[in-house]
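Between the sequences and the hints, there should be enough to build the whole structure, so can you do that?
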Amino acid sequence: MSELIIRNGFVFDPLQGIRGDRMDIGIKDGKIVETSTLSAPRTIDAAGMTVMAGGVDIHSHVVGPKVNVGRLFRPEDKLFKSPHKSPTCSRMEMGSSVPSTFKTGYDYARMGYVFVNEAAMPPLHSPHVHEEIRDTPIIDNAAMPVFGNNWFTLEYLKNNEIENNAAYTAWLLRATRGFGIKVVNPGGSEAWGWGLNCVHIHDPVPYFDIAPAEIVKGLIETNEFLGLPHSVHLHCNNLGNPGNYTDTLDSLRLAEGYAPKNDFGRKQVMHVTHLQFHAYGGDSWGNVGARSKDIMDYVNAHDNITVDMGQVTLDETTTMTADGPFEHHLRAQNNLKWANVDVELETAAGVVPYIYSPKVKANTIQWAVGLELALLAKDPMRIFLTTDHPNAGPFTRYPRVIAWLMSRAARDATMKTFKWLDRTIDATSIDGIDRELDLYEIAQMTRAGPARALGLTHMYGGLAPGMDADVAVYALNPGDMPSDPAAIENAFSRCALLVKDGVVTVRDGEVVTEPAKRTIWVDVKVPENTQVQRDIYEHFLRHYSVKLDNYSLFEEHLHNSRVIEVDTTQ
Amino acid sequence: MKTVTLTLTNPPKLLLEGQNITPDNFAGKNTAEIATLDLWEGKQKIPLGKHFTVAGDGGATAAETKIVLRGDCTRVKRIGQQMTAGEIVIEGNADMYIGGWMQGGKIHVKGNVDSFCGIGMEGGELIVDGNAGCHLGSSPRGEWRGMKGGLIRVAGNVGSDTATFINGGTIIIGGDADIHVSTHGEGGTVVIKGDAKGRVGGQMVKGDIYVYGTIENPLPGFSMVGEVEQEVDGETALFAHHIGDLGERHPVSRGKTVYANLYTRL
Numbered sequence: 007m008s009e010l011i012i013r014n015g016f017v018f019d020p021l022q023g024i025r026g027d028r029m030d031i032g033i034k035d036g037k038i039v040e041t042s043t044l045s046a047p048r049t050i051d052a053a054g055m056t057v058m059a060g061g062v063d064i065h066s067h068v069v070g071p072k073v074n075v076g077r078l079f080r081p082e083d084k085l086f087k088s089p090h091k092s093p094t095c096s097r098m099e100m101g102s103s104v105p106s107t108f109k110t111g112y113d114y115a116r117m118g119y120v121f122v123n124e125a126a127m128p129p130l131h132s133p134h135v136h137e138e139i140r141d142t143p144i145i146d147n148a149a150m151p152v153f154g155n156n157w158f159t160l161e162y163l164k165n166n167e168i169e170n171n172a173a174y175t176a177w178l179l180r181a182t183r184g185f186g187i188k189v190v191n192p193g194g195s196e197a198w199g200w201g202l203n204c205v206h207i208h209d210p211v212p213y214f215d216i217a218p219a220e221i222v223k224g225l226i227e228t229n230e231f232l233g234l235p236h237s238v239h240l241h242c243n244n245l246g247n248p249g250n251y252t253d254t255l256d257s258l259r260l261a262e263g264y265a266p267k268n269d270f271g272r273k274q275v276m277h278v279t280h281l282q283f284h285a286y287g288g289d290s291w292g293n294v295g296a297r298s299k300d301i302m303d304y305v306n307a308h309d310n311i312t313v314d315m316g317q318v319t320l321d322e323t324t325t326m327t328a329d330g331p332f333e334h335h336l337r338a339q340n341n342l343k344w345a346n347v348d349v350e351l352e353t354a355a356g357v358v359p360y361i362y363s364p365k366v367k368a369n370t371i372q373w374a375v376g377l378e379l380a381l382l383a384k385d386p387m388r389i390f391l392t393t394d395h396p397n398a399g400p401f402t403r404y405p406r407v408i409a410w411l412m413s414r415a416a417r418d419a420t421m422k423t424f425k426w427l428d429r430t431i432d433a434t435s436i437d438g439i440d441r442e443l444d445l446y447e448i449a450q451m452t453r454a455g456p457a458r459a460l461g462l463t464h465m466y467g468g469l470a471p472g473m474d475a476d477v478a479v480y481a482l483n484p485g486d487m488p489s490d491p492a493a494i495e496n497a498f499s500r501c502a503l504l505v506k507d508g509v510v511t512v513r514d515g516e517v518v519t520e521p522a523k524r525t526i527w528v529d530v531k532v533p534e535n536t537q538v539q540r541d542i543y544e545h546f547l548r549h550y551s552v553k554l555d556n557y558s559l560f561e562e563h564l565h566n567s568r569v570i571e572v573d574t575t576q
Numbered sequence: 007m008k009t010v011t012l013t014l015t016n017p018p019k020l021l022l023e024g025q026n027i028t029p030d031n032f033a034g035k036n037t038a039e040i041a042t043l044d045l046w047e048g049k050q051k052i053p054l055g056k057h058f059t060v061a062g063d064g065g066a067t068a069a070e071t072k073i074v075l076r077g078d079c080t081r082v083k084r085i086g087q088q089m090t091a092g093e094i095v096i097e098g099n100a101d102m103y104i105g106g107w108m109q110g111g112k113i114h115v116k117g118n119v120d121s122f123c124g125i126g127m128e129g130g131e132l133i134v135d136g137n138a139g140c141h142l143g144s145s146p147r148g149e150w151r152g153m154k155g156g157l158i159r160v161a162g163n164v165g166s167d168t169a170t171f172i173n174g175g176t177i178i179i180g181g182d183a184d185i186h187v188s189t190h191g192e193g194g195t196v197v198i199k200g201d202a203k204g205r206v207g208g209q210m211v212k213g214d215i216y217v218y219g220t221i222e223n224p225l226p227g228f229s230m231v232g233e234v235e236q237e238v239d240g241e242t243a244l245f246a247h248h249i250g251d252l253g254e255r256h257p258v259s260r261g262k263t264v265y266a267n268l269y270t271r272l
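Protein chains in written order, with my numbering: chain H, 7 to 576; chain F, 7 to 272.
Treat the hints as calculated values from the structure; they're not laboratory data.
The C-beta atom is built at its ideal place from N, Cα and C for all residues, glycine as well.
Possibly wrong hints are sitting among the right ones.
Below, simulated DSS-like cross-link-like pairs (lysine-lysine); rule was C-alpha separation at most 27 Å, straight line [claimed, not checked]:
{"#": "1", "chain 1": "F", "residue 1": "Lys154", "chain 2": "F", "residue 2": "Lys203"}
{"#": "2", "chain 1": "F", "residue 1": "Lys154", "chain 2": "H", "residue 2": "Lys425"}
{"#": "3", "chain 1": "F", "residue 1": "Lys154", "chain 2": "H", "residue 2": "Lys367"}
{"#": "4", "chain 1": "H", "residue 1": "Lys384", "chain 2": "H", "residue 2": "Lys273"}
{"#": "5", "chain 1": "H", "residue 1": "Lys87", "chain 2": "F", "residue 2": "Lys49"}
{"#": "6", "chain 1": "H", "residue 1": "Lys91", "chain 2": "F", "residue 2": "Lys212"}
{"#": "7", "chain 1": "H", "residue 1": "Lys367", "chain 2": "F", "residue 2": "Lys56"}
{"#": "8", "chain 1": "F", "residue 1": "Lys49", "chain 2": "F", "residue 2": "Lys8"}
{"#": "9", "chain 1": "H", "residue 1": "Lys343", "chain 2": "F", "residue 2": "Lys262"}
{"#": "10", "chain 1": "H", "residue 1": "Lys91", "chain 2": "F", "residue 2": "Lys49"}
{"#": "11", "chain 1": "H", "residue 1": "Lys91", "chain 2": "F", "residue 2": "Lys56"}
{"#": "12", "chain 1": "H", "residue 1": "Lys343", "chain 2": "F", "residue 2": "Lys212"}
{"#": "13", "chain 1": "H", "residue 1": "Lys365", "chain 2": "F", "residue 2": "Lys212"}
{"#": "14", "chain 1": "H", "residue 1": "Lys367", "chain 2": "F", "residue 2": "Lys212"}
{"#": "15", "chain 1": "F", "residue 1": "Lys154", "chain 2": "H", "residue 2": "Lys365"}
{"#": "16", "chain 1": "H", "residue 1": "Lys343", "chain 2": "H", "residue 2": "Lys367"}
{"#": "17", "chain 1": "F", "residue 1": "Lys262", "chain 2": "H", "residue 2": "Lys365"}
{"#": "18", "chain 1": "F", "residue 1": "Lys49", "chain 2": "H", "residue 2": "Lys84"}
{"#": "19", "chain 1": "F", "residue 1": "Lys35", "chain 2": "H", "residue 2": "Lys343"}
{"#": "20", "chain 1": "F", "residue 1": "Lys154", "chain 2": "H", "residue 2": "Lys84"}
{"#": "21", "chain 1": "F", "residue 1": "Lys154", "chain 2": "H", "residue 2": "Lys87"}
{"#": "22", "chain 1": "H", "residue 1": "Lys91", "chain 2": "F", "residue 2": "Lys51"}
{"#": "23", "chain 1": "F", "residue 1": "Lys51", "chain 2": "H", "residue 2": "Lys84"}
{"#": "24", "chain 1": "F", "residue 1": "Lys51", "chain 2": "H", "residue 2": "Lys87"}
Pairwise CB distance ranges, derived in the manner of DEER restraints [said to hold, decoys possible]:
{"#": "25", "chain 1": "F", "residue 1": "Arg151", "chain 2": "H", "residue 2": "Leu427", "range": "17 to 27 Å"}
{"#": "26", "chain 1": "H", "residue 1": "Arg28", "chain 2": "F", "residue 2": "Gly48", "range": "38 to 48 Å"}
{"#": "27", "chain 1": "F", "residue 1": "Gly253", "chain 2": "H", "residue 2": "Arg548", "range": "32 to 42 Å"}
{"#": "28", "chain 1": "H", "residue 1": "Trp200", "chain 2": "F", "residue 2": "Ala243", "range": "46 to 56 Å"}
Have a look at this one:
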């Protein structure tokens, strides 16, 4: 394969502690190599530009049944918002807040991203997830099956059978070719089957008689028992309600006393996702306020937790989550069309369009909460940039979020458009924060940090020799940053160059080739467990509407597999 | 005001997508430039001049531009789509999406039009001397923000699904309407001077419907509350007043619940 050298760029690689040094990056056979080992490389001049590893998204809803429901029931999301086919791309692109699979791949690549972790895979529908992964070009994907409302998990954890739950988890990860343990509104989505919800971590789940706190602790123990690359990935109870920060703090405290146990360099035992939706004070939408400081004080003081933002971008978007009761609750607020579904024995989901408007006080407070979380964070290696795509805004707005984080002027300009600016300032602390993040911190939040939290630093998130040759170059000179924040947004929207697996994929913001993408999954070897095998057999016999033989993913659904092996039998 | 006359001299084999035929696009262009504007025939992009003979130049602005279409435009869609000002006169029939997402100006069709005309309309006037198809003044597929303003006047009959998700504006139908009128409506006015088939005002939250003739199958969600005299389209008449759709949510304004009104002429 060809050799490449990217010369003279300002390199930001937090995994190696490189802070904007002018360096050359050598690439050979799809891997980063020492430049001295290259014989006759093709040279790409990156002088005056910023060089980072390819972007890593830890939490985004891009593939699978609920995303597709969003695409199907929002044709208006495509109307006048779908570009004409790019002459350099092989497929048409459609949609805005829930883009087609092709647009998803192209747009991530244009922003310099190479890896996206699908945030919630209903295990029963894993074939659909993997079919859409295959159809999402360029970017590598992993998908996390949801466990927080799974009957097997609830039964094992109620009896404190961590070893059995671990054996089941290993089986399900293999059956769905999944990546890690996702927990969505633990217990709450199952309680919704009875028309109930679990808004506090000690609310019991009907029938199973287990509380969310026990589910989360049990899954942390399971995760560390197995030593998975990623930690438990938690969507807390009581999402999106005023006053929920106390429940969030309760959830965060569940990680106390646990230490990470893995061979992948992961430092946390719990990743709490879209934290913005979980950091509200007050007791109604009339007096809602930001409690980001309380939340971040806790997160800053506890090294075994990572979080992501879930930044509201003030766009019209489509919310979608496995938190069935929340979506049902949301549709009662905005009276728009909605979809809700139960996935037998496993989970639920809902989809509702939502318009985050600068004219609505609650929305502008939400906007402030997300940014406060990131700006109050002491360690950018533990807080990651997300919009919980598409829940708080489409992923294509990441560059704008970066501009807000890097520039007080950008935040002020957006705040000028708020109808309830004074009340937003009163209810939040955003106006008192002058901090502006630098490119190194952005690299931490968008590549190095998420890659470390996912346990993937041997492949993604950095530029050390031996890692995948995923390199993004942005037309930004760190020594001469533009005073206009729009220029920062433009530079991150359309990268000057993206090399994916050693192949020049994007040039001047346009996709020029579509290299083969891969599916990352985790295969855990556990000792044979006849009780769990019997339980699985029994549940499929009695409760599932599909046969066990037809449940596991067939090999032909798995696209270009890249397996991470974990062996617990040693 | 300057007039551009387009005569369809070379009829297309397939349907023509004519979204560029608007005063906004013609303004500031001369005859030759107008002839080079894009049309789509299937997936092929072709210049307007291939099918139409163009005469006259556009005005300086959209408001100063009038377009007259001659010849059989039964297979030309999207004329006047998203126009903001000016005037279009279609001498005969036209196809679907005439005046869709229109924001201002006036379209006068002297023949019939097909479905989806005036969808997503925000302002302006769409006058049809003949009949219109389905989804007249309706919201685009999937969209919950329907017609916001403007006037649609159809002298003849209309198809089904008129004014779905209407939020504002007025639709006046001289003839009969097929099923589904103002479904999910949250404002606006629909006047049917002939008969309506049924499902009039289903899931309607707010807004007015007038039916001069009979409703073949009235909805059970509407309840008669009295008789009122109202002035509609310049004439005063006595109507039976129904409120509904009682199965749907209804906003409360100044302590009073707001219902949709259905008036049937007595």
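#### Entry: Range agreement (Cβ of Ala243/F with Cβ of Trp200/H, hint 46 to 56 Å)
Holds, at about 54 Å.
### Message
What's the verdict on Lys343/H and Lys212/F, does the C-alpha distance respect the 27 Å limit or exceed it?
### Response
18 Å, holds
### Query
Are Arg28/H and Gly48/F spaced within 38 to 48 Å by their CB atoms?
Violated - the Cβ-Cβ distance for Arg28/H and Gly48/F, about 54 Å, lies outside 38 to 48 Å.
### Assessment of proposed distance window 17 to 27 Å (beta carbons of Arg151/F, Leu427/H)
26 Å, holds
### Query
Is the Cα-Cα distance between Lys154/F and Lys84/H 27 Å or less?
Roughly 20 Å separates the two Cα atoms, so the pair holds.
### Message
What's the verdict on Lys367/H and Lys56/F, does the C-alpha distance respect the 27 Å limit or exceed it?
### Response
Violated. Lys367/H to Lys56/F sits at ~54 Å, over the 27 Å cutoff.
### Task
For the pair supplied as a hint, Lys343/H and Lys262/F, confirm whether the alpha-carbon distance does not exceed 27 Å.
26 Å, holds
### Query
Does Lys49/F pair with Lys84/H here, judged by a C-alpha cut-off of 27 Å?
18 Å, holds
### Query
Given the hinted pair Lys51/F and Lys84/H, is their alpha-carbon gap at most 27 Å?
21 Å, holds
### Message
Lys49/F and Lys8/F were given as a pair; does the straight-line alpha-carbon distance stay at or below 27 Å?
### Response
It is violated: about 32 Å lies between the C-alpha atoms, which goes past 27 Å.
### Query
Lys87/H and Lys49/F: Cα distance at most 27 Å?
Status holds; Cα separation ~19 Å.
### Query
Within a Cα-Cα threshold of 27 Å, do Lys154/F and Lys365/H meet the stated pairing?
19 Å, holds
In summary, the structure is inconsistent with hints 6, 7, 8, 19 and 26 from the numbered list given earlier, while agreeing with the others.
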